[in-house]
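S.K.: Chains as they are written, first to last, in the working numbering: chain E, 1 to 189; chain C, 1 to 182.
There could be a bad hint or two in this list.
Simulated pairs of lysine-lysine, DSSO-like, Cα-Cα distance not exceeding 27 Å [unchecked claim]:
no., chain 1, residue 1, chain 2, residue 2
1, E, Lys28, C, Lys161
2, C, Lys173, C, Lys161
3, E, Lys28, C, Lys173
4, C, Lys79, C, Lys161
5, C, Lys79, C, Lys59
Rather than coming from a laboratory, the hints here were simulated on the basis of the structure.
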Amino acid sequence: MSANSPDFRQQLLETQDMSPALRDACRKEIAALSQHTLTPRTSGLLVLLLLATLLFAAVGLRAMLFHYRGPLLYGVWTTFTLASAAGAVWIGVSLWQGRFQWKSYFPVADAFTVAAAVISVLTLLMGARAPADPASSFATLYALTFLVICVAWSIHSRIAAAELAAREHSLRIECRLADLAGRMQRPSI
Amino acid sequence: MTDGQMLECELLVTRCQRGDMSAFSSLVEMWERPLFYYLRRLAPSEAETWDLLQETWLKTFRSIGSLRDPRALPAFLYKTARNAAVSRLRLREREEELANPAACIATESEEIAAFDSAEQVHHALDQLPIAQREALTLYFLQDLSLDEIATLLRVPLGTVKSRLYYGKLTIRKILQGDDHVS
Chain E
1 MSANSPDFRQ
11 QLLETQDMSP
21 ALRDACRKEI
31 AALSQHTLTP
41 RTSGLLVLLL
51 LATLLFAAVG
61 LRAMLFHYRG
71 PLLYGVWTTF
81 TLASAAGAVW
91 IGVSLWQGRF
101 QWKSYFPVAD
111 AFTVAAAVIS
121 VLTLLMGARA
131 PADPASSFAT
141 LYALTFLVIC
151 VAWSIHSRIA
161 AAELAAREHS
171 LRIECRLADL
181 AGRMQRPSI
Chain C
1 MTDGQMLECE
11 LLVTRCQRGD
21 MSAFSSLVEM
31 WERPLFYYLR
41 RLAPSEAETW
51 DLLQETWLKT
61 FRSIGSLRDP
71 RALPAFLYKT
81 ARNAAVSRLR
91 LREREEELAN
101 PAACIATESE
111 EIAAFDSAEQ
121 VHHALDQLPI
131 AQREALTLYF
141 LQDLSLDEIA
151 TLLRVPLGTV
161 KSRLYYGKLT
171 IRKILQGDDH
181 VS
């Protein structure tokens, strides 16, 4: 038998004895470990992000409560606070569960983009109301920068998600074709 | 590994990257035997082999999201497994002691060894020096190309061919010896 034949590989693998007790214990450990996927580095990064988003939410809340300067600015701060709080909750949940949810990553990018768009529109309206006020220009500049960053993040996330979805779809088709080809090659009884 | 199995493996990796936890379990099941076989050739005991396998999967789970090419999974798995074995068992030191740098480089025209019994080969493998044993195990498992084996072992391709050649010769001698005894 050639050492290159798949049968040889299979026979070789089957010659290796495994203790069922040790194997089951290992499988259980792997299943348990896979529930906690955060490395110390990722955890540290998430803690920093959590602190940053909490700080942003606190700043936004403070501005909402103590510095009321019209409904438009109030709307800006409300949106900013809600987006920061949502980010803090998402990071907090990831830390609490001890794992990073890839599926929740894409909607978060979208949520931040929507918030940035709302803030941009509101600051543009503020600028239109007070064109002589230099503060409105700066506010618009900051809002647009925030929007650009969020849009780039969101597009990147969307592309990554679409690539993975398309790859999975094409691989499913290829698997079916390979399976079909295998069945056709098999001699009929 | 057949083309169909390779495609299935790629599909499982992609599903893992999309957050499907059941795909990871299937991946563990699919690669359990080959990885165990490879690690068992390096580890002194079965318990230690399972520990190394566990470590391998933990590292794989953490890195699978950033694996750009799903087809690279076999090489990635064996590399992770080997690194775990090397760091734990100080394989590198043993490897340096046992590797023979004066071994000549085998030529391309050497014929592929044909063995009658996988069981006999399995027992003979354990009697080889560790450098030859590792190269031959990877070769017999058929999951990696010779280039990939060379990259994994961090040696030139010629050295891999040389180890395979001398490993096969040694196995033949061991098997002939067994035949004479029986």
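S.K.: Tell me the numbers of any earlier hints that the structure contravenes, in ascending order.
M.R.: Per hint list: 1 and 3 violated.
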